[in-house]
Structure formats: structure tokens, C-alpha cells
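Now for the letters of each chain:
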Amino acid sequence: MNNAIVVDNLTKYYGDLLAVDHISFEVEQGEIFGFLGPNGAGKSTTQRMLTTLLEPSDGRIFIYGHDIARDAYPAKRRMGLVPEESNVYTELSAWDNLMFTAQLYRVPGSQRASRAQELLETFGLWEKRHVKAEDFSKGMRRRLSIAMAIIHKPTLLFLDEPTPGLDTQSTHAIHGLIRQMNAEGATIFLTTHQIEEANQLCSRVAIIDHGQIAAIDTPERLKAAFRRVQSVQVALEPDGAAHGQALAALEGVTTVVRMGDKWRLYTADPSALLPQVVDYARVHKLRLVSLNTQGPSLEDVFLEITGQEIGTVAHETGANRDRRQRKGGKR
Amino acid sequence: MNTGKMRRLQNEVAQAWAVAVKDVRVYYLTPPMIMFGLALPLFLFFSFSVKREIGPEQGMSRLLALTTFFTASSAGVIIIPMERRTGTYDRLLAAPMALITLLIGKTLVGAFFAAAVALVSLLVGLIWLHVDVANPPLLITTLVLASLTFSALGLVFASIPSRSVGNIMMPSTLIRWPLLFISGIFIPLSEMSPWARAVAYLSPLTYAQELMNRAVLGESLIAPWLSLTVLLLSGVVFLAAAAWMHQRSRRLGY
Chain S
1 MNNAIVVDNL TKYYGDLLAV DHISFEVEQG EIFGFLGPNG AGKSTTQRML TTLLEPSDGR
61 IFIYGHDIAR DAYPAKRRMG LVPEESNVYT ELSAWDNLMF TAQLYRVPGS QRASRAQELL
121 ETFGLWEKRH VKAEDFSKGM RRRLSIAMAI IHKPTLLFLD EPTPGLDTQS THAIHGLIRQ
181 MNAEGATIFL TTHQIEEANQ LCSRVAIIDH GQIAAIDTPE RLKAAFRRVQ SVQVALEPDG
241 AAHGQALAAL EGVTTVVRMG DKWRLYTADP SALLPQVVDY ARVHKLRLVS LNTQGPSLED
301 VFLEITGQEI GTVAHETGAN RDRRQRKGGK R
Chain Z
1001 MNTGKMRRLQ NEVAQAWAVA VKDVRVYYLT PPMIMFGLAL PLFLFFSFSV KREIGPEQGM
1061 SRLLALTTFF TASSAGVIII PMERRTGTYD RLLAAPMALI TLLIGKTLVG AFFAAAVALV
1121 SLLVGLIWLH VDVANPPLLI TTLVLASLTF SALGLVFASI PSRSVGNIMM PSTLIRWPLL
1181 FISGIFIPLS EMSPWARAVA YLSPLTYAQE LMNRAVLGES LIAPWLSLTV LLLSGVVFLA
1241 AAAWMHQRSR RLGY
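Protein chains in written order, with this note's numbering: chain S, 1 to 331; chain Z, 1001 to 1254.
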């Protein structure tokens, strides 16, 4: 069996509300698997079912070949869970938090102290090991929470939004740890809103929307499948809001997004659009400060799949309207 | 039993103990535990005892029943919603141990607290009030069993899927206070009318009070073996009910 996780027809109802709609997917051993989706899409519900915190309404989950509905114990021994909240015991010191978790996961007594020291040093908490977690910053609690989740050296680690709101140092340390654990053979199931984080870390991603898997593939293949969200990025001088309407009217432009002092023009054919942008600048006597083409980012793919608007300020074009109408008006 | 099952059992016992010790360290000195687990039963006792002509032995018997009941049944009601709020309860539920192991660990927490409070009360009674205990072994047995049973009762309330102590304290109070008044703590069984006594037999606290009476005063209406059996069975039923409610919450997704 090469799969760490097999999900078959997994379904969850909350009363009449269908939160997870008959999803199936597999996560191979040694993968970093990203699970993306907008709020309310069913990400957390799925992860809670995978980690045995929630019972499915239908479907089956196999962790390393064990059906967790029948016997979750062998699966639980190999899992680590880092929930969205840093669920540390604030009344206990970092050291005591780790010792308690080591006892809970039956780490042999002779290894507990050395493992705790190793983790505290890795996460830069060794000097603060006797300080109560209530005096820790958000980043320090997060690091402690992750240390607690891996003290028993799990081979399957679930992380739910591990980095939002953290400083660069903490984020960097957590990303480094995920890569290191994966290099040592652990499978990582990463639920995140941070699309760039998934892009950088994950070997495959699944995008869940309205309780269904909307797409599942490697980040690069997903981007390749969405060539229509390629773009041309241009910075003009003098800049001004009036450019938005004019650029949106260029042939082949589906959406125009203002990004600081630049404009991003989404199109299926950047090579056809480039000369038009150059002509526009020449006719209006504008200086082209920068001009380049860009492939779709994973964020673009995500927004496209989940039917959300690309960018925060978009100038809607006729083509964009038509496309949305074809999708049944879903946004 | 094969080696694997024996190892698993040893692990589960160690995990239940680890949960109990952790809770003792984390929660015993929190304000709700001191308020509802320690101060309230003492206030209740003094409110209903002052200016009533009861001897020190009778007072001690009532105080011990009252504190084991209130203190033990308060622990789960306070600790579990606090853990749900901070997310630490998920850590326990996701750990490789049976649900019943977690619940036994939580039962021990309330039982330790109640037994400790009762022991302090008993020492005060023995040293300052010169209380004479008729049957010390029965008293110790009763303290242990009643603490465990009433702690398991607290877990039944704590299985209501809420993150707020207040939301669980309310229904628990609605049940616990009537139990207190029908159980022969403030009005002895022998002074009750037959129908009131019939109602009192429905409460497990009645049997704890009867055992305390037998242990401290040397007299009771109900045979000790019957009271011990009812208390033990009540504890098992409370634990099973708590496990069933936890599983239901997991299924319904609360």
C-alpha cells in the first residue's frame, strides 16, 4: 500500500446541510498534499473527519490501510495534528506541555527528555522552556503547538492553517520543518488559505469548493490547465485611474486589475495583447515603465475554480461577463 | 490476554493517569474550581446547618456527602468546556487512546479533588470537633466510591457539546440541586413521609448519605452492601452515558 490516506465517497451532513459532498481522493506516502478552499468549502470538516474528531455521514477513510471507522488506534499512533488554534496548555511551561504530550503518545520514558530538548532547540524555545506558555507570543505558541504534534515522530502530519498571522521568522521555521519532515519520509496534509504557501510546499493540491473536489493535481499542471488566466502586467507613466477603462477595452482582455502602480490584464493570449498595449502607450504618449507577461498563479487558478473575482479592483469586460454567465452566475 | 493487548492496556492506564495529573496541575487552582468545587458546598452546608441542633458526627456525615457530591460533579462541568474553548480537548480526542480512557482520566480528576476536600473536612472534624467515626474502613471506601461516581455524573453534563462553562453549569445545577434536596442530606430519610422517601431512593446521593451515616454514626436505613452496589452501578451508568453522548457529538458534528 503506497497511499497514506485513501478517502472514498466521504460525505458529511450537518442536519440538512451538506458540508462535504461525496469526495474521493488519495494521498501518497511521502507527499506534501495541499488542501485549499474558500471559507465554508468543507476543508476543516474534511480534516476533522480524517483525524477522527468527526464521524462521517457516509464514505470511508483509510489511513495506512486501516479503516478508521473500525479501528482508529493504529492510525492515531502514526498521526500528528496541528489545528488552526495553537492548542497548548497556557498554564504549563513549554517543557511540561511537551512532557505531557510525550506521555499521551507513549514516547518511551528514556527518550522523552532528549526529544523535547531537540524540538525546543529546533523551534528556538529552549531558553524559554520553563516559561509558562501564557507568556508566549502567538508565534512561539504556534511553534510549541507544532513541537507537541510531532514529539512522537508521526509519519503523517495534519496541519491546519499553520502560518497565518505569524512573523517571517516563525513562518520560515515552520516551512523549513515541513520540508525537513517530508524529506525524512513523513506525509504532510496541509490545509491552508495561503495559496502561495501551497504553491511553494506542495507536490499536489486539491481545491475543494461547496463540499466537492473541484480540482486535484500538481500546482504546475493546474496552472497549465488554466492558460486563460495568463496575464500581461504593465506600468505606465503618468499613471492614472482612467487607464483601467481603456485597457479593459483592448481585444482579448477578460479582466483588468489594478495592482499598486501596475495594471494586470488577464487574457488567454498574451502575445496578441502585448502589441496592443505598446500601441496604447504610444498613441497616448505614455512611457512604458515595465511590461511583461505572466502565467497563471496558483491563486488565479484557485479564484477561477472557486468562481471568485480575480483581484480586489477589477474592471469587468464583456468577455468576463459572458464567461461568468456560462458558469451559471456563480461567483 | 496476549502481549499486544496487555501493552495496550498498560498504555491506556498510563494515559488516563497522565490526563488526570495534567488536569490537577492545570485546573485545580482556577477560580471556577475554587468557587463551585470548594466554596459552594461549604457555604451550602453552613447555610443549612447553622442554628440547627445537630451533633458533630451528624454534621460531619452530611458535610462529607455534600462535598463529595458537589465537588466531584463540578470538575468535569468546569474543565471540559474550558478545554473545548482552548482547543486542547481536540488534542486529547485525537490522541491514540480509547474514549473511555479519556473519560476515566477525567473522572479521576474530580474524584481526587472531592476526596481531598472531604479529607480536609474530616481532619478538621477529627481534630477540632472530636468527631468519632464508627467505621473508618467503610468511610474511606464510601469517600472513594462516591467521589468517582459523582465525578462521572459531572462528565454526563460535560458531554453536552458546549464551549461555555455557563451553558453546562445551568443544566447541571437544574439536576444537582433537586437531587441534593431529595437525598436525605438536609432532612434525614427517617423523618421523610413514605412518598418523599420513595423519591429519595431514586437519587444516588441518598445511598452515599446512607453510607456516610453508617460509617460515621454507625446507623443507616439502607444496608451498606445495597448502597455500595447502587453507587457502583450508578458510576458505571454515568460513565457509559458520558461515552454515548461524546460519540453522539462526534457523529452530529457539534
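It is worth saying that the hints were derived from the structure and are not from the lab. Note that CB positions come from ideal geometry on N, CA and C, so glycine has one too. Please note: incorrect hints may appear among the correct ones.
Said to hold, decoys possible - Per label pair, the in silico range of CB-to-CB distance:
(1) Z:Val1021 <-> S:His22: 56 to 62 Å
(2) Z:Ala1039 <-> S:Gly40: 41 to 47 Å
(3) Z:Leu1119 <-> S:Gly165: 16 to 22 Å
(4) Z:Gln1247 <-> S:Glu28: 30 to 36 Å
Status of the hints after comparison with the structure:
no. : hint                               : verdict
1   : Z:Val1021 <-> S:His22: 56 to 62 Å  : violated (44 Å)
2   : Z:Ala1039 <-> S:Gly40: 41 to 47 Å  : holds (44 Å)
3   : Z:Leu1119 <-> S:Gly165: 16 to 22 Å : violated (47 Å)
4   : Z:Gln1247 <-> S:Glu28: 30 to 36 Å  : holds (32 Å)
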